[in-house]
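Enquirer: Each chain, written out:
Protein chains: 2
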Amino acid sequence: MHSFTFFQDIINNELHQNKEYFNKFPTLLYEPIEYTLGMKGKRIRPVLTLMACNLFTNDYEKAVKPALGIEIFHNFTLLHDDIMDNSSMRRGKPTIHKKYNDNIAILSGDAMSIMAYKLIVDANPPELSKVLSEFSKMAIEVCEGQQYDMDFEEITDVRPEQYLEMIKLKTAVLIAGSLKIGAIIGGAPTLDAEALYNFGINIGLAFQLQDDYLDSFGDSNTFGKKIGGDITANKKTYLLIKALELAQGENKTSLLELLSSTNTEEETKISRVKHIYTQLKVEELSKAKMNEYYSKAIAALDSVNVEDEKKQGLKYFAEKLMNRQY
Amino acid sequence: MHSFTFFQDIINNELHQNKEYFNKFPTLLYEPIEYTLGMKGKRIRPVLTLMACNLFTNDYEKAVKPALGIEIFHNFTLLHDDIMDNSSMRRGKPTIHKKYNDNIAILSGDAMSIMAYKLIVDANPPELSKVLSEFSKMAIEVCEGQQYDMDFEEITDVRPEQYLEMIKLKTAVLIAGSLKIGAIIGGAPTLDAEALYNFGINIGLAFQLQDDYLDSFGDSNTFGKKIGGDITANKKTYLLIKALELAQGENKTSLLELLSSTNTEEETKISRVKHIYTQLKVEELSKAKMNEYYSKAIAALDSVNVEDEKKQGLKYFAEKLMNRQY
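First to last, the sequence lines map onto chains A and B.
The numbering of the first sequence is my numbering, which starts it at 1 and goes up by one.
The numbering of the second sequence is my numbering, which starts it at 327 and goes up by one.
Honestly, the hints are just simulated from the structure, not real lab data.
Among these hints, one or two may not hold up.
Said to hold, decoys possible - Straight-line alpha carbon distances no greater than 30 Å define the calculated DSBU-like cross-link-like pairs of lysine-lysine that follow: (1) B:Lys646 / B:Lys388; (2) B:Lys425 / B:Lys345; (3) B:Lys391 / A:Lys130; (4) A:Lys168 / A:Lys98; (5) B:Lys561 / A:Lys24; (6) B:Lys366 / A:Lys137; (7) B:Lys552 / B:Lys419; (8) B:Lys345 / B:Lys368; (9) B:Lys456 / A:Lys62; (10) A:Lys137 / B:Lys345; (11) A:Lys235 / B:Lys425; (12) A:Lys19 / A:Lys40; (13) B:Lys368 / B:Lys641; (14) A:Lys42 / A:Lys168; (15) A:Lys320 / A:Lys310; (16) A:Lys168 / B:Lys600; (17) B:Lys578 / B:Lys600; (18) B:Lys463 / A:Lys99; (19) B:Lys463 / B:Lys622; (20) A:Lys99 / B:Lys641; (21) A:Lys98 / B:Lys463; (22) B:Lys600 / B:Lys613; (23) B:Lys425 / A:Lys137; (24) B:Lys494 / B:Lys613; (25) A:Lys130 / B:Lys463; (26) A:Lys137 / B:Lys391; (27) A:Lys19 / B:Lys456; (28) A:Lys99 / A:Lys226; (29) A:Lys99 / B:Lys561; (30) B:Lys494 / A:Lys24.
All chains should be built: construct the whole structure from the sequences, respecting the hints.
Expert: Spelled out as structure tokens, the structure:
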């Protein structure tokens, strides 16, 4: 069983070596794709595909191109999300729609989505039809998650379970699908592939809750971006949704005032909202939810019918995700 | 061998019966898809898939879902093109990005592109891997064509062969690919599938040249939209590109003036540009080019190794395309 960084290197090398996919004409279609894929991502999803495959076979090679397809699909969703959210920066660099324009960002994203399929089909892995069914299901669900996310911006009363369903679709299914696809290509029995999918769903949910938590309560030195961005933007995170559900009396009034106020100074707003969060113990509730998902994830991983030793890589990855400060 | 309208009805019924694909949540993701597919298109591409399949087998049923996938892909490209071109109307109805907004149009388009693959994969037709390779190649080329089309808006000297390459990618490959995919599913020998592809490329090129021609020289009563729209918009059609190539002296000066003038009355501009076209005989040149492609298309169809009688449907379709006034 190889390590996370071992597979990370494989993916980065592949991206480098498969320039024939990106280095083509018309330049304004392919250059943005190369730029997007050249950003130093963590390559979590394709690495999970390879690790899941490697649980069942030493011949993980046959999952490399499909894993690359998954990474390209993930980057396509980021590219289009950045247009929809009007984000200017991604991984410290200008986003495509800012560096070029919206039309180029739309079209090169479209091409990436097709390329993702192309890479999987060209690789012709074992169980191609099953792999592609899983991929399409996951891909459609990511779109559904993104639409719910946009819907939630327009409504005030999002319930916690709606939020959890949204992040499941937007974030967790891609992690779960990456694992399941690797398992299928590796020849896993159905139950094991399902268990890895459940591992992925639960670790994905924990991951997103952790992200929300760190955005408000992380350490700005290690987190890498400004603390409180979600609070400033009134982003409906699990923390805010829980707080709106639990707040009463004075806390409720202040929270609603802070959300609607346009003249509260940014730092004041952040510290006052965090103060309400602390009073309502939504930090603890969020941590408890995270731990619940984490435990479910580990239980799902434990149930996979391969030697414990082989599962160490995925377990270590899950632990690192939970203990990260960034 | 069934007729065009027979297959058209099959596709329209399928779209109607497969509401489980579109009638889902979140509403703002699926409603625009249903709206787009509900517009009365001619369903040319999926019908060609079924006709090509039917050349080689009576069991055209197995190509129905893949044909639907192709129709959904085509509608996805129209939906995203409408955002990029900022078009307000399509088939007499408001476009998605005008009826909803850009974000919804981007995302529901993304979902349609995935659905197209999903329909093909779920159908699991014979030669799935070959079908998907062909589909992905065609889909990427359509993106390349759209990018060239956008590139050409920014440059002044587009050569005729560049324009023809662009419309080949943007329009003809989808028609050619639709036919080839039907042929592959129908079990066609490689040479016959290739011949149908060539038929499609040539008929697609003739089709687009005809479109350009009718936009300037059609009869507004039968054409269905205002004559001269391309001229008003300075659209680099084959007519304009050829005219710019051939014009000399006074004609050249007037043409360049008309293109850069912002205060010429619309009707005056249309009639003066058309007058220059007539003087330079670009109408005839365009007609000649169309006929050249049409002849190549028919030759390719003739070379397909099935009884002539079976090919009558496709031949009739080609003739109708060439003789249309709309």
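Enquirer: CA of B:Lys456 to CA of A:Lys62, is that 30 Å or under?
Expert: Within the cut-off at roughly 19 Å; holds.
Enquirer: Does the alpha-carbon distance linking B:Lys646 and B:Lys388 stay inside the 30 Å limit?
Expert: Between B:Lys646 and B:Lys388 the Cα gap is close to 27 Å, so the pair holds against 30 Å.
Enquirer: Run the distance test for A:Lys19 versus B:Lys456: straight-line Cα separation, threshold 30 Å.
Expert: At roughly 23 Å apart (the allowed maximum being 30 Å), B:Lys456 and A:Lys19 satisfy the hint.
Enquirer: Starting from B:Lys552, check that the Cα of B:Lys419 is at most 30 Å away, please.
Expert: holds, 16 Å
Enquirer: If you draw a straight line from the CA of B:Lys425 to the CA of B:Lys345, is it 30 Å or shorter?
Expert: holds, 21 Å
Enquirer: For the pair we were handed, B:Lys345 and B:Lys368, check the Cα-Cα distance against 30 Å.
Expert: holds, 19 Å
Enquirer: Is B:Lys425 close enough to A:Lys137, meaning Cα to Cα at most 30 Å?
Expert: It holds: about 27 Å lies between the C-alpha atoms, which stays within 30 Å.
Enquirer: For the pair we were handed, B:Lys578 and B:Lys600, check the Cα-Cα distance against 30 Å.
Expert: Satisfied, since the Cα-Cα distance of roughly 13 Å is no more than 30 Å.
Enquirer: Would the hint linking B:Lys391 and A:Lys130 be met if the CA-CA limit is 30 Å?
Expert: holds, 17 Å
Enquirer: Take a quick look at whether A:Lys235 and B:Lys425 sit within 30 Å of each other, Cα to Cα.
Expert: Distance ~26 Å between A:Lys235 and B:Lys425 Cα, so the pair holds.
Enquirer: With the threshold set at 30 Å, check whether the alpha-carbon distance from B:Lys494 to B:Lys613 stays at or below it.
Expert: holds, 17 Å
Enquirer: Does the structure keep A:Lys168 and A:Lys98 at a Cα separation of 30 Å or less?
Expert: Holds, because 29 Å separates the two Cα atoms, which is no more than 30 Å.
Of the numbered hints listed earlier, those contradicted by the structure are 16 and 20.
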